[in-house]
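Enquirer: Chain by chain, the residues run as shown.
2 protein chains.
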Amino acid sequence: MALVNENYLKLPGSYLFSEIARRVNQFKTTNPQADIIRLGIGDVTRPLPPAVIEAMQKGVEEMRSPETFRGYGPEQGYQFLIEKIIENDFVPRGVELSVDEVFVSDGAKSDTANFQELFGVNNIMAVTDPVYPVYVDSNVMAGRTGMFNNDKGQYEGIVYLPCTEENGMKPSLPEKRVDMIYLCFPNNPTGMTLSKEELKLWVEYARENRSILLFDAAYEAYIQEEGVPHSIFEIEGAREVAVEFRSFSKTAGFTGTRCAYTIVPKEVMVYDSKGKAHSLNQLWLRRQTTKFNGASYPVQAGAVAVFSQEGKLQIKETINYYMENARIIREGLQGAGYKVFGGVNAPYIWMKTPNNMGSWEFFDQLMEGANVVGTPGAGFGANGEGYFRLTAFGTRENTLRAIERIRTRM
Amino acid sequence: MALVNENYLKLPGSYLFSEIARRVNQFKTTNPQADIIRLGIGDVTRPLPPAVIEAMQKGVEEMRSPETFRGYGPEQGYQFLIEKIIENDFVPRGVELSVDEVFVSDGAKSDTANFQELFGVNNIMAVTDPVYPVYVDSNVMAGRTGMFNNDKGQYEGIVYLPCTEENGMKPSLPEKRVDMIYLCFPNNPTGMTLSKEELKLWVEYARENRSILLFDAAYEAYIQEEGVPHSIFEIEGAREVAVEFRSFSKTAGFTGTRCAYTIVPKEVMVYDSKGKAHSLNQLWLRRQTTKFNGASYPVQAGAVAVFSQEGKLQIKETINYYMENARIIREGLQGAGYKVFGGVNAPYIWMKTPNNMGSWEFFDQLMEGANVVGTPGAGFGANGEGYFRLTAFGTRENTLRAIERIRTRM
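Chain order of the listed sequences is A and B.
Quick note on my numbering: the first sequence kicks off at 37 and runs consecutively.
Quick note on my numbering: the second sequence kicks off at 37 and runs consecutively.
Okay, chain A solo, but in the shape it has when bound (with noise of 0.2 Å):
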């Protein structure tokens, strides 16, 4: 009799976004004239850059021919653009990278679920609260978590460390030891970032208890304060406790696109039971060759072009026009007398419902009040209750139209 992972069995029924569209789908149903805005899910409305367009059209009209066309390539991704990464994205910054260290694939997503198989199920992980739930989910899946305690919002067995009001959204150092520690900067949902001496204390703490950071970087080219670090590398000791986590999704429109990679220094070591170090990076390699195959041709020939003198311009002005967005919803709100965190290096706004109203609660007035939706924050964890996202990836006309109604209506 065939099994099942009982481990699946442990995950709450309805997934965030899912519930969100089903109260979606049954408001419109009753409202069938609503225009409903959404500012919800973290999905881009900008198209990709001409540049893109064009690079990913030659790599497509390669594959017509014999003489240019590709079969399988290196599941670690092509060394044309993994040279244009380090080039770009980490050599400006002191990083140096040598090109078996980045591993190209199909998406962020699948990097920070899939990358907790290397870790043996007894590892203590560490997440933040409020935190993208796919770190959550994933290590539910693989067993490192006991049972969703409904109580307390929180699974057993994992470290949360929360992202409050009265820390600044910003996580204190565990108080117990932990080997794995999920850190997303520029956060999501917060909307919040580290700064270098911080993220050196989360390096040496790594360092001293030989745990591991699983740094999410997706949202780095929002940054737009000086001194913010892109990259964990930028810390000192970084290399032998850190991997980096980065994507094309939010950088040059590519969520339905498809390419990220993660970036996993050959110093960063894991240990078996006998004390013997062994490499995250050959861990990472054997896991990437034996299960997947590598992202799709034209997709990486469409991804090198970001680094393209008109590709990063291009790029630079999607950026600037939805962080204009999240300047409108950060000072709209402010002005309309709420709460607000982040919208100043990130996309994501954070902000706090009046009254201390439940996060469900004020998705459900703001979708029937204002039709706008957002994101609840309890779907983001316990210390998310209380709270609500918003994103800048609307389009200008929307974003304008959803602030003057939260405003007028709410």
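In short, the hints are calculated from the structure, not lab data.
For clarity, every value in this text was computed on a predicted model and none was experimentally measured.
Keep in mind that a hint or two might mislead.
Copies of the same chain look alike in the list, so a pair counts if it fits in one copy or across any two.
In silico DMTMM-like links for lysine to aspartate or glutamate, alpha-carbon gap of 20 Å or less [as the list claims (entries may be wrong)]:
no. : residue 1 : residue 2
1   : K302      : E42
2   : K375      : E440
3   : K206      : E97
4   : K302      : E111
Once you've looked at the hints, dock chain B against the given chain A.
Expert: The following block gives chain B in isolation, referenced to the frame of chain A:
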């Protein structure tokens, strides 16, 4: 201290295709003039069909403007593609599927490797021997096996189903009960198929034992003979016990473009420790929505053209091209006195090495004598020893030259 997933340490150091690459590179260093022909790794050489190129160009073009741009798609694939898959690949064979039973992905390698996650770690799995290494390695990584036994060339805890000359390369039902059974027909590496009657025995076995058949049909498009089932779902009752993996890789040249799909009927159940049934379809949906973000939109836009009038003709032409290669290899080797299997309904030819030579020894002799690279059977499992795989995916010219060289120089 971060601990490694010790199951990874059970994997022998060198992966089959890396070892081949290493030997080829060494040979090239000492023989820089050698004109090597590769009929080893199963990569295609014919370009994408023009219908696919044009559809993909159009898909890329849509990403240029905000009106037609596509961001996150459904993780399980676009309905426009799923409907065509059902209509063309299944309905004509009498197989009815609903759209939420088809999951589009970036590859059958990913799907066959990831699907085991849904099962408890204590399930007993069975594979044929020889076998596509991904089924085994992904289960080793998950901890569903014991250690590798060097003497036997097999992992402890796996039930191996020998495919030998004696049984015509057709596996017998396992003697002890197993829970998960990987079957691949047309087979990689042997190129053999199972008849409807033979497949029926497996479906009956699975129903009696509540086991799951993980059926890899990546090569079904190569079936030439009437009466050979293309899908496990042509067998009555299979909907209750089988999952099927399909791919555009070998059918339409997508090895570097990446698109595949997996069929998970709603009736297939796995059980928890209390005997309660859980739907594999729902579990896979949960897995894919949590750990995957859908195949690239332009790629799906291209894949759907495989089912257009022109697409179908163009693909037929490519498959005929490879199957003519298969005939040339099969008959050429037979004419030269070798014993061969496969190559009739599959792009793989499985040859017996002369004089019971070891398959790595034959690999070296063939490379040195004829400058032809194939794949040693031992790389596919203990029962592959004494055999050798050649693929029909080369160019016509190289295929003819390779056979001529084997005939005259070996």
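Enquirer: Hints the structure violates: just list their numbers, smallest first.
Expert: Failing hint: just 3.
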